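> Note that the protein sequences, when read in sequence, are chains A and B. Using my numbering, you'd call the opening residue of the first sequence number 1 and step up by one each time. Using my numbering, you'd call the opening residue of the second sequence number 1 and step up by one each time.
Simulated from the structure, these hints should not be mistaken for lab results. This structure is a prediction, so every number in the text was calculated from the model and none was measured. Check the hints yourself; a few may be wrong.
Because identical chains cannot be distinguished in the list, a pair is counted as satisfied if it fits within a single copy or across any two copies.
[Said to hold, decoys possible] Here are the simulated lysine to aspartate or glutamate pairs, DMTMM-like style, with alpha carbons at most 20 Å apart:
#1 K47 - D135
#2 K9 - D53
#3 K54 - D42
#4 K47 - D93
#5 K47 - E131
#6 K54 - E92
#7 K47 - E127
#8 K47 - E6
2 protein chains.
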Amino acid sequence: MREPVELSKAYLLMNHGPVTLVSSAAGGKRNVMAASWAMPLDFAPPKIAVVIDKSTFSRELIEASGEFVLNIPCRAIAEQVLAVGSCCGRGEDKFSQTGLSTVPASIVDAPLVGGCVAWLECKVIPEARNEQHYDLFLAEVVAAWADPRVFSGGRWHFPSEDLRTLHYLAGGNFIATGDAFSVGAETE
Amino acid sequence: MREPVELSKAYLLMNHGPVTLVSSAAGGKRNVMAASWAMPLDFAPPKIAVVIDKSTFSRELIEASGEFVLNIPCRAIAEQVLAVGSCCGRGEDKFSQTGLSTVPASIVDAPLVGGCVAWLECKVIPEARNEQHYDLFLAEVVAAWADPRVFSGGRWHFPSEDLRTLHYLAGGNFIATGDAFSVGAETE
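Turn these sequences into a full structure, and let the hints steer you where they fit.
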């Protein structure tokens, strides 16, 4: 299930610091990796920052295409999130290996990862020094999507445990996003 | 309560994407602001990335000193986290205004914020283009601390609701960090 998210609200998909899956494609190849080191960088136009290690095949595909998708997975696919963070060699197709499905994106060639609950289609803002010295990629979000069961009207709401987003600790340990609570006069 | 965290494990304090308080000091002034847009950037030496808007007084203090502390607050002080994100003019002392206490840091002049559960003392890695174009600051973590009730042996464990770390949504709405769950063969 997938509905467009206004670009001015795209940062809200990342504001709570969930783990992401970075999907990429170039020259007939595709890949997906897990990334906890991702954050919003600006509101409008929305930008994000993400760390993509030089040793990864995803890095090659992202450098070749200048595009990727930040997918936000949920607890239902936590095993696959861990698997794409650890399995598979350069020649193998991680989607086939882990059973993750894909859906075509709207603007970029990289696919949306099935089973996720939000998706940010991104175009790299070339900043060679960041990429070379820090493995840091900046990108503009050119389209955003969310599962309306989980994010609508600019708000996250988790109707079931399986649909909660994830935060990565280490060694196969995750935290599922909890329930919201309100503080102060601005709350509803 | 505060014990040192090995620098090689400092990234674990930020890996799950909690909201942070950025404290700073220069020329006899000090300030604190809330920042959700912060993430680890490297393991060893540990580095972090954080967005610090040009319009903030904290930005002036950080540019003058080249230092700041990333403090990780918990639910017990969620009201103050929201307050430092919204209250107080440039001339006022946000610590006094919000009732947040401070403790001297070990290496940097910026203070540690009392009532938090982890602290990363940071020295800015000057990258003028990032700072000017993206409000993006990169920094090396030169000392790290945690409340051992909440983080010890490289692991988070939340003994009470009040000590859970926070994730910011919007409009005064937070999520408290949930409980960990394990996936796959690497787990304990």
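> Indicate, hint by hint, whether the structure satisfies it.
To see whether the hints hold, each was checked on the structure:
When the C-alpha separation of K47 and D135 is checked against a cutoff of 20 Å, the pair qualifies both within a copy, at 17 Å, and between copies, at 12 Å. Taking the shortest Cα distances, K9 and D53 sit within 20 Å of each other only across copies (19 Å), while inside one copy they are farther apart (28 Å). For the identical chains of this complex, K54 and D42 are inter-copy neighbours only, at 12 Å across copies versus 25 Å inside a copy, given an alpha-carbon limit of 20 Å. In this homomeric assembly, K47 and D93 never come within 20 Å of each other (Cα to Cα): the closest approach is 29 Å inside a single copy and 32 Å across copies.
Taking the shortest alpha-carbon separations for K47 and E131, both the intra-copy value of 16 Å and the inter-copy value of 15 Å come in at or below 20 Å. Taking CA atoms no more than 20 Å apart as the test, K54 paired with E92 passes inside one copy only; the shortest distance there is 18 Å, against 45 Å between copies. For the identical chains of this complex, K47 and E127 are neighbours both inside a copy (13 Å) and across copies (18 Å), given an alpha-carbon limit of 20 Å. In this assembly of identical chains, K47 and E6 lie within 20 Å of each other by CA distance solely inside one copy; the values are 13 Å within and 32 Å between copies.
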